[in-house]
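Here is what each chain is made of, one letter per residue.
There are 2 protein chains.
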Amino acid sequence: MKPSHIEHIGIAVTNLEDSIRLYEKVFGLKCYNIEEVKDQKVRTAFFMVGQTKIELLESTDPEGPISKFIENRGPGIHHIAFAVDYLDAELKHAEKEGVKLIDKNPRKGAEGLDIAFLHPRSTGGVLIELCEHKSE
Amino acid sequence: MKPSHIEHIGIAVTNLEDSIRLYEKVFGLKCYNIEEVKDQKVRTAFFMVGQTKIELLESTDPEGPISKFIENRGPGIHHIAFAVDYLDAELKHAEKEGVKLIDKNPRKGAEGLDIAFLHPRSTGGVLIELCEHKSE
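Taken in order, these protein sequences are the chains called A and B. Each residue of the first sequence is one higher than the one before, starting from 0 at the first, in numbering that gives the first Met the number 0. Each residue of the second sequence is one higher than the one before, starting from 0 at the first, in numbering that gives the first Met the number 0.
These are computed hints drawn from the structure, not numbers from a lab. Remember, predicted model here, so these are calculated numbers, not experimental data. There could be a bad hint or two in this list.
[What the hints assert, rightly or not] Once the Cα atoms are required to be at most 25 angstroms apart in a straight line, the calculated BS3-like pairs of lysine-lysine come out as:
no., chain 1, residue 1, chain 2, residue 2
1, A, Lys24, B, Lys133
2, A, Lys99, B, Lys95
3, B, Lys133, A, Lys67
4, B, Lys133, A, Lys29
5, B, Lys91, B, Lys107
6, A, Lys29, B, Lys37
7, A, Lys24, B, Lys91
8, A, Lys103, A, Lys40
9, B, Lys1, B, Lys67
10, B, Lys67, A, Lys91
11, A, Lys67, A, Lys1
12, B, Lys24, A, Lys99
13, A, Lys103, B, Lys37
14, B, Lys37, B, Lys95
15, B, Lys24, A, Lys91
16, A, Lys95, A, Lys37
17, A, Lys1, B, Lys24
18, B, Lys107, A, Lys29
19, B, Lys37, B, Lys103
20, A, Lys24, B, Lys1
21, A, Lys24, B, Lys95
22, B, Lys107, B, Lys1
23, B, Lys29, A, Lys1
24, B, Lys99, A, Lys24
25, A, Lys29, B, Lys95
26, B, Lys67, A, Lys29
27, B, Lys103, B, Lys133
28, B, Lys103, A, Lys24
29, A, Lys95, B, Lys29
30, A, Lys95, B, Lys24
31, B, Lys103, B, Lys67
[As the list claims (entries may be wrong)] Footprint (simulated), chain B over chain A, 3 or more residues, beta carbon under 8 angstroms:
no., segment
32, 1-13
33, 29-37
Beta carbons are placed, not taken as given, at the ideal position from N, Cα and C, and that holds for glycine.
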């Protein structure tokens, strides 16, 4: 594997609009997209910082993963996503190296990207997402 | 404020050497620097992913902030750092916008950069560091 860049940083928030205001007002970032990802039970808001997106995640369901995360640990940084050229191959490589996969096969994430999550138990407590994002 | 990029992502680890092996073997990254930051009671290891560094943090003191973090939440993502052009001015701006500062004045961080932390209580539970890093 050789990720080309950090595709995004996912941040669990309790209120999307309040958090958008924070990132716009304090950090001078511009929210360029708000999108619901039904599969993950979240509404997301996106900002660009250099090569990397900040992805704010508000739960749409008290049983969803972001609700559970906030219940256990409070709002805060939820995951980081590496951009990789070939997701299928990288999942196979990670599994061969002993990493437990949450998603054995790619699925569609926000912004139409193919994504998969690795289990934090095998990556030192860090929830890592891989996003297919062919480098130019 | 307008951060130019994500300068680094700080990750709390229990064992630096084990974690270096993980990032090298699974993710194909190359550790290019190991450094002790006495002020923060950590040993750090650095990897580049595009514009952004991954900074692994191992505590050197059971009373240090990384030990406390791991005690409370387990190992995992600890903070994100935005690169800004003028740290002094940005700290004043953040404070004016109601952000509580951990560091009222810049101090020296890893790799000789001037840095300051914002309090997660005023940034939605996210520990945010600002690093002075003049854009070219």
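(request) Run the structure past the numbered hints and jot down the numbers of the failing ones, going up. (result) 2, 3, 6, 9, 10, 11, 13, 14, 16, 18, 26 and 33
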